[in-house]
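> The primary structure of each chain is shown beneath.
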Amino acid sequence: MGVLADLISRLRRRRRTPHGRTVGLRPAQASLLAAMAEATQEDEVDCGAVQTLIDQYAEAMESGEDAGRWLPKLQQHFELCGECREELKALLHILESNSP
Amino acid sequence: MPRDNANWLEDLRSSDSRQAGALDDLRAMILRSLPLALSRWLPLDDPRLPALADEVAQDTLMRVLARLDSFQGRSKFTTWVHAIAIHLALSELRRRRWRDVSLEALLEDAGQDDLGGGAGPVDPERSAVQSDLLRHLEVILQEELTERQWTAMRALLKGMPMEEVARRMGMQRNALYKLIYDARLRLKRRMAREGLSPAELMAAFEAE
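Protein chains in written order, with the numbering used here: chain Z, 1257 to 1356; chain S, 13 to 220.
Note that these hints are calculated values from the structure, not bench results.
Careful, some of the hints might be misleading.
Only pairs whose alpha carbons sit at most 16 Å apart, straight line, appear in this in silico EDC-like list of lysine to aspartate or glutamate [said to hold, decoys possible]:
1) S:K170 with Z:E1339
2) S:K190 with Z:D1299
3) S:K190 with Z:D1302
4) Z:K1329 with Z:D1302
5) S:K88 with Z:E1318
6) S:K88 with Z:E1315
7) S:K88 with Z:E1352
8) S:K190 with Z:E1300
9) S:K170 with S:E206
10) S:K190 with Z:E1298
11) Z:K1329 with Z:E1352
If you want the ones that stay clear, here's a sample from chain Z, every Cβ over 12 Å from chain S, calculated [said to hold, decoys possible]:
12) G1320
13) R1325
14) Q1331
15) E1343
16) A1346
Away from chain Z, derived, C-beta distances all over 10 Å, residues of chain S [said to hold, decoys possible]:
17) D23
18) L56
19) L73
20) L80
21) D112
22) L149
23) R180
Even for Gly, the Cβ is constructed at its ideal location relative to N, Cα and C.
Build the full structure now, drawing on both the sequences and the hints.
The structure is reproduced here in structure tokens:
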């Protein structure tokens, strides 16, 4: 708990009181928010951009290429966007079932 | 004889029976593949599957014809079509799953702090640390995020799909993605200024 106690000590020096709307944050939500913050990049692509490239990305993955290296921003998007990630998995499922 | 990309495009752009033939073949392909693609969400013998597949196949063909000029030729045409079908199918499944859930109902029980929940004994020191961290993070969220951003974020954290949140907030999915992206970026930058590392936060809240 030493590391966490140090963190709390640093934050208490900037103590503020919650104001305005009630947030009511839960630990699980805080953890998810932290994970989202960590994964956020300064320059990301949105779902629309992913939809135009998901077919190429899936074929590259299915053929064993490192699609993430070729399209790193798509890989990063899939880490953050559950819906696009589900669509990629479903598409890969089809491609893998169709491959000889 | 199987079509290559050029054959597909030529047949679909024709005004004779070749177009009808190509559409029939695409439809058959979608109806064959879609149940497998959706097997994580619907079992293969689910009675709703045939009607859903039929509806999705029809919508997919319309979208394919409307967007034929946008096909870039960097993948197989059939892969491109499959991607469209999957997008439409999963969007529909999410809509059906969440149609009776309002944003208000989803968010109304978000006011309780569930520190100390679970079967095991609570470590008072850990609980106090978590409580302090939650309060600091709440201040950051109040100061950095707009009301709209926080509403959307809460809904997403409670598992509502982005498209469904967007629908209820009167936005397109892309616009919501950008709204949430701005929120995440603000959160990340503010946490960095506060000396609050995401990794430290995650470690503080991970299950014991």
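> Confirm or reject each hint.
For each hint, the structure was consulted:
no., hint, result
1, S:K170 with Z:E1339, "holds, 14 Å"
2, S:K190 with Z:D1299, "holds, 11 Å"
3, S:K190 with Z:D1302, "holds, 7 Å"
4, Z:K1329 with Z:D1302, "holds, 10 Å"
5, S:K88 with Z:E1318, "holds, 12 Å"
6, S:K88 with Z:E1315, "holds, 8 Å"
7, S:K88 with Z:E1352, "holds, 14 Å"
8, S:K190 with Z:E1300, "holds, 9 Å"
9, S:K170 with S:E206, "violated, 26 Å"
10, S:K190 with Z:E1298, "holds, 12 Å"
11, Z:K1329 with Z:E1352, "violated, 23 Å"
12, G1320, "holds, 15 Å"
13, R1325, "holds, 17 Å"
14, Q1331, "holds, 16 Å"
15, E1343, "violated, 5 Å"
16, A1346, "violated, 4 Å"
17, D23, "holds, 19 Å"
18, L56, "holds, 13 Å"
19, L73, "holds, 17 Å"
20, L80, "holds, 14 Å"
21, D112, "holds, 20 Å"
22, L149, "violated, 5 Å"
23, R180, "holds, 15 Å"
Of the hints listed earlier, those the structure fails to meet are numbers 9, 11, 15, 16, 22, in rising order.
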